[in-house]
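J.: First to last, the protein sequences are chains A and B. Under the numbering used here, residues 228 to 1134 are what the first sequence spells out, in order. Under the numbering used here, residues 407 to 895 are what the second sequence spells out, in order.
Simulated from the structure, these hints should not be mistaken for lab results. Misleading hints may appear alongside valid ones.
Claimed, not checked - Pair ranges (Cβ atoms, derived):
1. Ser505/B x Cys557/A: 46 to 54 Å
2. Asp762/B x Asp971/A: 21 to 29 Å
3. Gly499/B x Leu721/A: 44 to 52 Å
4. Val807/B x Ser780/A: 52 to 60 Å
5. Ala529/B x Arg1025/A: 37 to 45 Å
6. Leu501/A x Ser874/B: 55 to 63 Å
7. Pro970/A x Ala529/B: 41 to 49 Å
8. His498/B x Gly981/A: 36 to 44 Å
Just so you know, even glycine gets a beta-carbon here, dropped at the ideal spot from N, CA and C.
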Amino acid sequence: MQRLLLLSFFPVLLTLWLAAGSCSHEERISYNDSIRPIFNEKCIACHGGVKQSGGFGLVFREDALGETSSGKFAIVPGRPAKSEIVVRIKHDNPELRMPLEHAPLTVEETELIETWIRQGAEWEEHWAYLPVKEVEVPTSTTVGIQHPIDAFVRARLQKEKLAPAPRAQKRDLLRRLSFDLTGLPPSQKMMLSFLEDDRPEAYEEAVDALLQSPAFGEHWASKWLDLARYADSRGYERDPNRTIWPWRDWVIRAYNEDMPYDEFTLQQLAGDLLPEATPDQYLATAFHRNTLSNDEGGTSNEEYRNITIMDRVATSWEVWLGTSMACVQCHGHPYDPLRHEEYYRSYAFFNQSTDHDHVSEAPNLIAFFPAEEEKVRKLEDWVREHENKEAQTQVQNWVKRLRMREPRLRPETFTEVVGGIFTDRGDEDFLFVHNDNSFRLEGQLLDDIAAIHLSYRAMSKGLSLRITLDALDGPLLLETALSSRKWPFGTQQLKIPPTAGKHDLYFQFSGVENKKIAGIYGVHFQEKLPGEGQAGYAEVEAYIQELLEAKDSVRVPVMVDRPAEQARTTRIFTAGNWLVPADTVEPGVAPVFPPMAEHNRPLNRLDFARWITAPENPLTARVAVNRYWAALFGQGIVTTLEDFGSQGGLPSHPELLDWLAGQFSGELGWSTKQLLRLMVTSETYQQSSTTSPALLAADPYNELLARGPRKRLSAEEVRDQILAVSGLLSDKMYGPGVMPPQPDGLWDGVVYSGMKWITSEGEDRYRRGIYTYLRRSVPHPFLTTFDGPNREVCLSRRTNTNTPLQALMTLNDPVVVEAANALARDLMTTETSYPELITAAHQRVLFQAPAVADATALLRLYNESLVYYHTSPTEAEELVGSTNAELAALTVVVNALFNLDEFISKA
Amino acid sequence: MKINEEAHYRNAQLNSRRLFLRNGALALGGAALAGLSGCSSSTGSTEGTVPESMRQAMRYAPRAKRVIYLHMAGAPSQLELFDYKPKLEELHGKDCPASLLAGKRFAFIQGTPLMLGPQANFAQHGQSGAWVSDLLPHFSKVVDEVAFLKAVHTDEFNHAPAQLLMHTGSPRVGRPAFGSWVTYGLGSVNDNLPGFIVLASGGQLPSGGKKLWGSGFLPSIHQGVQCRSEGDPILYLGDPKGISRDLRGRSIAAINEINQRQYEEVGDPETLTRIRQYEMAFKMQVSVPEVMDISKEPDYIHALYGSQPGGSGFANDCLLARRLVESGVRFVQLYNWGWDDHGTNKGASLNHGLRDRCRRIDRPMTALLTDLKQRGMLEDTLVVWGGEFGRTPMQENRGGVTMPFYGRDHHGAAYTMWMAGGGVRPGITYGETDEIGFYGVKDRMHVHDVQATMLKLLGFDHERLTYSFQGRNFRLTDVAGEVVDGLVL
């Protein structure tokens, strides 16, 4: 026994000695290195942010040092013997010893805690919440390390006594680079010239060429779309169409133009709030209109509006800040220093958005046909020229009015409703009125108002409206017929006579039928167009009506905040339940983070976005560079791309992460292309991915980067590559989602939906995967089979699986067979003899001639196929549309090439 | 364990299990596939092995080894089928008391609706004396095999969210389906068939759509695979036109031979897995159509189920469910659409549409229990029946207008489900509702309680069957769920 004790003490002494670096016990113990891991593993489940058993919690220092329920203090800095935590972890009685019902802490762990308390129980913030460190690039004695990334990586490898892999073969390297930067294989031409070019700068030139390729934006946008949960449908039951592809195109353009990441962030989170926002900046905010909406009959729109806001909070924090906020919806964060109310302070930023799960998806940004666009432009110019006060603000108001139909007063603000039924449900979110029903709009200042824009759904002929002032039988402001053609929904301009002062307005409806005659959606007050009486006024003034009536070109849901007088109050939801609101909260961020710049007005989304992109934010740049790193190297420096909190992974190369983050937000000016260029020009990136059992055992997940990355292609890459190498891929960019062939009947089962998959014609059959129409309930099988998400929630990482369903798809999908046939046909126009044909096919698909053994296997398959098609010409006919047995046999061979591991991987 | 490590670990596990075949050597050809002929009852061979990582979640001796879940999408009325309320008959046509409506949220009811008496005749059946209406004459004869859950309740009153709650434990999208959790926990038995198969009848998918069998954050290998009655039962299962099975075999042989060399050169274990997946794909091309082909079933079986070879529908799906579990599929999920009887039209009414639909399910679901029993499989096959919620004791009056036919609105506060086999105590009724069937008054069971109990029948502690994702451990029952031991034999 004695011996055993001694033995178990020995490592403790050793550890302490090592930790101290000398024999002194008073060397400081680091909370993050030594104490936090113990607390997180052994204590925090019961003493964390959710449960504080015995009134003791370890997430915040002030809680940990406070008085516990027993009246004792768990941690008394400097006095381990007085600290209840020490008493309890060392207690003899198993009913009192902590952790309860679990193995006791080791002697070593106990010692560490005691020493740490004796030294003052100093807290350290979790590494990711500390400022990004200014890091010096390690200087190395090894000759030839020129690239800073290599200096960091090699320093670590040296420590681990591992040698980096040699440079990848040129063919592998260019193929890898091309997929990583553009999501496509290189062209044959590019490969040939790269293989022939022995100049040292050839690689960097290839990098620059690929960064300049329009395919670059398409590739990086598809990754962003996973985070943004982009889809062409709204989700839930009927899963109807949503027109939001112009935003997807915005993302592609932003990547291709190398929009700086801070700008990219600001525009998407708060483009609508930027001064003098352009239509493109409004469009950018559709990022957060990718949330699901629920039109199922009977669903509460306010409930789903709240769910939408929660999704926006969780998504914003995950995408930009790598923080899992969803926990904090219901209670304090179990592990990280985020209290319950912090969630709702973030919620408050998003809670002012006008959208509310309405079937119209309002507010929408309207892009008109060119003739109408011209009118908008002229009207804007007119306002700019003729407006005396704050012309720019006024122009903005007109843009909002005409392009977004905002702001509107909606039925929840109507008072003295007589007879009308406001349902707030599913697709019936209107105030439905019968004959003679009425409502009141309180206290409207009419001095500058020229017209009322009424948004409604007409449900009867002979509709008319009376508006009276200050009482239902008060002075008549307006009596007018309403168009009965507003179905499902439209806006009509009702001009009113000049009226001074503030008034209550009473709206009273009548129709000829004894049923619901109209559904009222909203009322907008239109100011006078300036410059009355000047030449050209009448023409421009008429545009207003014309634009309200115009057939839209495209409507895209965007973010527009409610005006101050309609601002929503944000409350904490008890246990995350929106039906149980508690205290009111103001927008803001947790004290663990750098403070937000204060203003004299309520903080809004733009402040939140600016706080995210501020240089002192410790998370934004780290999270971003880590995502880019993961895209290239297969996994992040922090493996949990979505969680930089204390339960996430620790960085494998913390100094490199901080150096990259510093470069990105500093010298590189948030340029994505420059950052990627920096990464791919490192020797680390250019290593061969070939591995040995020994290296695999030493570093199974390649965390140390002693070899290059090797991984299966993404769903989009699998599809695009087959089309690219067979020559079928269209390079047409942008526009509405397309419908390449998919098995019949996939959409048939979606309830209450008449939507049809109408297979695209011409080059639209062969567009890149990013343009395939994505319906959330039934995404195209190529996406789901190869681990693509259905884009219902933000997704930071796709898991790569390896299933027989993937094999079935690349073997049997008619599109794959069509591509194989196309390539076979093309090859046969240039080559005639079969060994050369097979070499040529291999060359086209994999950029090199087959190894001898592989050539033999392929040739055997070719010959077997040839025999088969010679004897069964009808089968050849079925496969390739002619009895040409050589063509059919070559098609079978190409189909096999499309299934090679080497083909569907990048190495 | 950190997520990434865990994912790697799981992958490694999968790989090592798949790689019991010799590395790279090809096992192609017309290998006879054990347990696929349909008639060879092979309960012994369908046990499989529980993955090592699941040992600590598996705290009980499993009573059920597989599940067949019959979901009536749209939510059938418990008040016309199982929950007999004579008092409601007395109140028929009277105004609903305001006290019942106060503070309640309904999908469509507005103003003051009328009470609606049962639209079917009830009687007690079997030794157990269970109440079943005359809409289910066949099922009435097997009630002694069944445990009725009379006071199930849910938080949701719209179809898609309620179905998601029922099948993923959360009304929001993104969580793994019940069947995914089960294959994740129990592993696969038959490498030639997916472990979680979905069959849908009634002409439409349930409102919740395919996300009801999505694998959420679990590896997508656990995703439910929908087998279709038209076209390929599994997408891309059929060889392309003009490529024979023999040629397909030869081309897979060539692919795998080259892939094997690739592995030897590069050393990526994923390549080995890929070789195995191509072998499995080749075998599935035979095994799936074979198990889906009911034409070889004897006539008396077709007579029992009312199934029709070459046809489609709930009867065929029930027979297929038996064939699938017999072949080692862990979780067979049937959806039958159309039970949303609001009374808005004849087809969606209690006095017409409901009767037709009951006729279509009564014989087959009864046959499923009978057939499983005669094969000795009922004792370890859990069969569950239910909707996503129940229906109101009041007649629906959307927009304040009485509907043209008898119908009821969505009702989450109390509804009936039943379970049979797989260790469920037969011939009992658990739970009781008030005299009009509005609230449960005794032994209520939340959806999460139903899930927790089902997991216990499968051997799992529902609090331990977890998966770490985005910084927290997720489970099917979210943060709730109590096992009802009274239901377990």
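J.: Enumerate the violated hints, using their earlier numbering and listing them in ascending order.
T.: 1, 4, 5, 6
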